[in-house]
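*Asks:* Chains as they are written, first to last, in our numbering: chain Y, 101 to 1023; chain F, 6 to 92.
Hint data in this document are derived by calculation from the structure and do not stem from the laboratory.
Watch out, some of these pointers could steer you wrong.
[Claimed, not checked] Per label pair, the in silico range of CB-to-CB distance:
(1) F:H78 - Y:K222: 37 to 45 Å
(2) Y:E816 - F:L8: 53 to 61 Å
(3) F:P92 - Y:S924: 27 to 35 Å
(4) F:D56 - Y:V808: 56 to 64 Å
(5) Y:V644 - F:L8: 25 to 33 Å
(6) F:V70 - Y:G508: 20 to 28 Å
(7) Y:N479 - F:M6: 54 to 62 Å
(8) F:H78 - Y:H579: 21 to 29 Å
[Said to hold, decoys possible] Here are a few chain Y residues that face chain F, going by a calculated C-beta distance under 10 Å:
(9) R367
(10) G507
(11) R526
(12) I718
(13) E740
(14) T772
(15) V777
(16) A920
(17) G922
(18) L923
Each residue gets a CB set at the ideal place from its N, CA and C atoms; glycine is no exception.
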Amino acid sequence: MSGPSRSSGGESINFTFDGKALLGRTGDTLAAALLANGIGLVGRSFKYHRPRGIMTAGVEEPNALVTVGTGGRTEPNTRATDVFVYEGLIARSQNRWPSLRFDVGAVIGLFAKALPAGFYYKTFFGSARRWMFYEYFIRRAAGLGAAPVEADPDRFAQRAAFCDVLVVGAGPAGLIAALTAAEAGEQVLLVEQDRVLAPSLLRDQQELDAVWADEVATKIRALGGRILLRSTASGYWDDNLITLTQRQTEPGQEPADGLAQRLWHVRAGRVILAAGAIERPLAFAHNDRPGVMLSQAVRSYIRRFGVLPGQRVVIATNNDDAYLTARALRDAGVQVLAVLDTRPAPAGQASGFPVHNDALPLSTSGARHHLTGVSARINGTTHYWQADLLVTSGGFTPVVHLHMQAGGAALEWDAAAQAFLPGSARQNVTSIGAAASAEPIGPTPAPANPGKAFIDFQNDVTLGDVDLAWAEGYRSVEHLKRYTTLGMATDQGKLSNMAALGRLAEKQGVAIPEAGLTTFRPPYTPVTMGLLAGAKAKDGGAHVRRLALYDVHAAKNPIWQPLGYWFRPRAYPTAGETLAQAALREAKSVRTNVGMTDVSTLAKFEVSGPDAAAFLEIICATSVSKLAVGRGRYTFMLREDGMVFDDGTVWRLAENRYLLTSSTGGADRMATHISYVRQYLCPHLRVSAVNVQEHYAGIAVAGPKAKVVLTALIGEEPPRHMSTIPAMIAGIPVLVLAASYSGERAFEIYIEASRAAPVWAACEEEVIRHSGCLYGMEAMEFLRIEKGHLVVGGEIDGRLTPHDLALDRMLNKAGGFIGASGLSRPALSAPGRRQLVGLEAIEGIIPEGAMLISSKGQSPQGHITAAAFRIIEGGSIALGQLEGGFSHHGEELIATSPTRGQKARVRVVAPHFYDVAGDRYRD
Amino acid sequence: MLLINCPHCGPRAQVEFTYERTADSVVLPGAPADAAMERLFTRANPRGEDDEIWRLSFGCRAWLVMTRHRSTHAITAIRAVGPETLP
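Given the sequences, and given the hints that come with them, work out the whole structure.
*Replies:* Laid out in structure tokens, this is it:
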């Protein structure tokens, strides 16, 4: 018998690994259960496809990455050491084909010299064609597990919490700290990433044991403290905010109540970090073989999980911890063949084990993907042991990640322990226990064959790669990281950082702290994307507001279109109609008869007070104060740099009361803009500006018969174009504005949103009586394009000035509006800028979004912002932006859309295709 | 995530606020074009304290000017602006 094993008994949990049915015990990690089943080979390495096993017993595991779960619950790159077995667990190995034991990609390992550090970057040199080949090759060969394509069926929740003291890590130090704080009357939150309290006591029973840990936990809870297991403090942010990721279920497991994980935002008065330390491997040739394990991990498997990771054992160490493991092995009846201690005698000599001082393994040998022997050179002679387990310990790295994330945090260098310890911190945080101190270690000699001595197992980086990066001129630790990929992926350098820094410092001839350190960024361990999205994961996070008249529209089963936060009817097809057919019928009805539509979503602001006109003349680039009571006009607004960013209408309702409308999509931006001017720029003005966007619902009635319809509805002469009157419809007070977006005689009726339905019903009855119909946004788009009216986000795209849009004659001559000084720069009214033009097809149909070119191969001189058809006569027309467009009327261009594979020959014309004089909406 | 002490609402989480701009980027209407563009586009980027304009978008909706250290994020002064703060 060789390799890992466990005496049977108590196995009751069924799980599978690569399709093979296996049994595990309650409390087993997947790693422990695999070892108990004699499985040492768990994965293939990232780059060279080398066989890899289980190296650690914690979240730092770099090798044993597996995919667990199926369908949308699939979780790739899960550390086998960080998932507890459950009934029905399905785990699969990664980065291998066709199977783990026979992996075609492993051939790559034979050509390791062809894949040195920075290989990926080196492929950038030479021809692009070669790079395309390499790219394909690298993407297929190198990699981790594949992300699932199905949606995650589970829920992820988020929760906020406050506490006086947050203790991270429920080991002996964390438990005592939490109890002390709780006894002092403080509100305590204690978090532990494992599923048990004080897991280290299951590994190394001291004066304290698991019973003691439970007693302490009971006391903490009795004092009102809270303890979260299976919860990781993943990030430390400003003002003592710590994010916790709490697992309700294991990776890939179906949650009992649908809730998979919970993200906590904890604002803590102070933070105590008792996160422990991580053991480091030693670097020597072939130190990555399955069967090479870290010292503490071996003790965990023996004592916590009852698994023997090997029968014939060699130990390599530079510190005393490995002797604890030697004893644990001896207690379990296992023969320790040799202890190779890098320290000179007398280190370890009194231990009773066969100790060799000044010794480091030379290499390992293996067969059938498992360790078979260890060689070492001692006093000039090479020794060889047949062994199936090599225990290594290279010292301990305190977990200073959260301390460093706390910011402004100096790390202090402990030369004896060769470790960074937490120093002073900007925030209220202290570290205790193994996170704050480390035992001294002996020398770590350089291995004979650095090219096979792995330091970053997850990224297949060897000491030789660090040497190569140095030889190629990479001096800074940050460059080294990016060039070699050292310290990336799921373990984020938890094991590899110190070895790499040591080698770099040696090359630089400086001490490790002077070589620098890369930043430990959150999260400490990988976090599922769905957890960050929380409840918003399901609908992309967008919230939807409902139109006041939503039910009225829904009853007609329209085609909906998203617009801002809302869905608005795009068209109301009758039986069998397509969107295009319905929109054209609706638009024709407006041109020839009458139509009505819901315009409730327009941004609306009520501006009142003695300084209302002065206020509006800062916001709007047109003059406002000359407007008579009861009149309105078109207006537009500029950014400070002089570009048009929105447009709308302004109406003088009374001496000191105005209504300003602007675009739906820009409503939030306009509300903020108005608020900024009111609060910050002009606090001295006597004015009130209220956002009434959803206070009023709006109905537009447009068409040659609109005036007849309105007369019938309000029982009096409707206002003439750009005038407004208060009126009554269906016994409800309304405001009627005569304004036309469609190019026809048209009215907008505004009603308190809660009373909109009866007004809509009255309007609809009257429109139908005059053989009209409802129209949606598609028809509105046809109508406004033909008329040459602008849309924010289309023609008004934030890059055109009033001059470019031919709006300059409307500018307020007195100036003083926002954007006036920016607009005064001569380049903003230069003739060669992109300008608004109309385009009509000579041949073909103008594609949406096409670019405008003069002939094939030329760079684009402009683009199409909106395309449509002449509603009555037919024919493809469009609006667009064209360089120097005003002076190119009559010229021919090509409108081409390579992405759609469509093009048309077009003629540049004025951007008005219908009723240029505006006769149709005047009486 | 910062904890920001709103003069009206007390300490609130950063997610409730919206950063708007730095105080030195404010352009008054009527400012000469050169000076205005300089304020907009060629501003200092000090590694130190700076006056920033924020808005409590959820809550009292006040506009705030706060002095914040760009490296340590420490907020040393905060005040609301608007008509109600005028003398």
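*Asks:* Could you work out which earlier hints the structure fails to respect and list their numbers in ascending sequence?
*Replies:* No hint contradicted; all consistent.
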